[in-house]
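Same order as they appear, the protein sequences are chains A and B. 25 is the number that numbering that gives the first Met the number 0 gives to position 26 of the first sequence; each next residue is one higher, with no gaps. 89 is the number that numbering that gives the first Met the number 0 gives to position 90 of the second sequence; each next residue is one higher, with no gaps.
Each hint should be verified, as a subset may be incorrect.
[Said to hold, decoys possible] Pairs of lysine to aspartate or glutamate, DMTMM-like flavour, derived with a Cα cap of 20 Å: (1) A:Lys-24 - B:Asp-65; (2) A:Lys-24 - B:Glu-21; (3) A:Lys-24 - A:Asp-36; (4) B:Lys-42 - B:Glu-139; (5) B:Lys-110 - B:Glu-147; (6) B:Lys-110 - B:Asp-37; (7) A:Lys-24 - B:Asp-20; (8) A:Lys-24 - B:Asp-59.
[Stated by the list, open to error] Computed beta-carbon distance windows for the label pairs: (9) A:Val-22 - B:His-156: 46 to 52 Å; (10) A:Gly-53 - B:Gly-170: 19 to 25 Å; (11) B:Gly-106 - A:Arg-19: 24 to 30 Å.
No lab work stands behind these hints, which were simulated from the structure alone. It should be emphasised that the depicted structure is a prediction, and the values quoted were computed from it without experimental measurement. Backbone N, C-alpha and C define an ideal beta-carbon position, used for all residues, glycine too.
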Amino acid sequence: MSASEKNADEPGGQPEARLRIDVRKATDARALLAAVDAGVFGAHARRPPGTHAGLIARLVASLFADG
Amino acid sequence: MVEPVAPLADRETWSLSSLADETGFGHYLDTVAAAIADRFTLKIHQNLIARRMAFIAWIDSLAAIDRATVDFRSFIAICGALVGSLARHRVVSYSAMIRDPGDAMIGVILKFPNEVTALAAGAALYELRVGALTGASAGEPLSPLVVENAAGNLARHPEAATRFRELLRLGTPWT
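Chain B on its own, in the form it takes in the complex:
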């Protein structure tokens, strides 16, 4: 286990293409994991070997996306590939910093740390761009039950990563 590298600076900007760089990929993942940890008072543990394998898997999976027609389906496939690549490797885990966490969501995160982080990484990427496009959030607050179902589904069926929008009830501006 290693401590994560510094997450994105608050005013730092990036583009999607920065995620094709291992450092950018790592910073993005650190930022998402830090957001989860901060929200639920958790300590993050990352495995850098697994993170590199997830990065390589993601780069590999992007090669399968059709380059002939680049449209919103490409973007959804990119987000799904990110979820799937992170979920397949045990990159992140958390430990509770409070003795008796009463928050049900914490239980879900501790049970499915990698899957929850993978889903959050894909959802945040999706929301960042869709939100910039529409000016509104594509998501809704999720109950622990919904998150547990989504994470459990992803743990049992890695191919469910392609359905991250349905699992997390994310809206779409595209018809």
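Chain A extracted, bound-state conformation:
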């Protein structure tokens, strides 16, 4: 599917406006995510909060291991 096909499928507004990122909302979202990381996990984590691609790959592979 091309980008133009996708745009034609999407309801409402001009494509340029719908593709514009609201900086204020993104900043608010970043603050929420940081608050969750610190408040829910930060003080309690048994492993460091960082992660890497290898861990994601193992998680996905184990989830779909029964294929």
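For this one, chain A is given, so just place chain B on it according to the hints.
This is chain B only, laid out in the frame that chain A set:
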């Protein structure tokens, strides 16, 4: 269609807040899609316009989460919002790199590429943090039937994204 950008480096660390950046969001999605593709020998196709729309939808949906009390329910809502935002836009598709894939899971992924990727992205995010909290995996290996049911449910009922834990049989450390 475009080739995806490079996924996360194997030792690269990130925080949840890095997903509020479009580049971080894209890298995370690339990493999840690459994990699926590697596991099942698939080629990834991404639509970057759709990906940006999914990112914008996710940022928008986070604005609806209550900021007054930040707790595990906020985190579950964040994961559910990620699943829902990715599922609503046709961001990812796959093609088989082997002529006659006998793996039933491949059939499910080719039938519901976007939904499977959305669910995997939400589940991986959930498991990364819950696993770090408990030291154990929150998930169990899923059969193709369970994954097809989850993906089909999500395709027919986008609001099912909020039930990603039930659909994917993920455990919880919270009561």
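Tested hints:
no., hint, verdict
1, A:Lys-24 - B:Asp-65, "holds (14 Å)"
2, A:Lys-24 - B:Glu-21, "holds (12 Å)"
3, A:Lys-24 - A:Asp-36, "holds (18 Å)"
4, B:Lys-42 - B:Glu-139, "violated (25 Å)"
5, B:Lys-110 - B:Glu-147, "holds (9 Å)"
6, B:Lys-110 - B:Asp-37, "holds (18 Å)"
7, A:Lys-24 - B:Asp-20, "holds (11 Å)"
8, A:Lys-24 - B:Asp-59, "holds (7 Å)"
9, A:Val-22 - B:His-156: 46 to 52 Å, "violated (32 Å)"
10, A:Gly-53 - B:Gly-170: 19 to 25 Å, "holds (22 Å)"
11, B:Gly-106 - A:Arg-19: 24 to 30 Å, "violated (38 Å)"
Checked against the numbered hints above, the structure breaks hints 4, 9, 11 and satisfies the rest.
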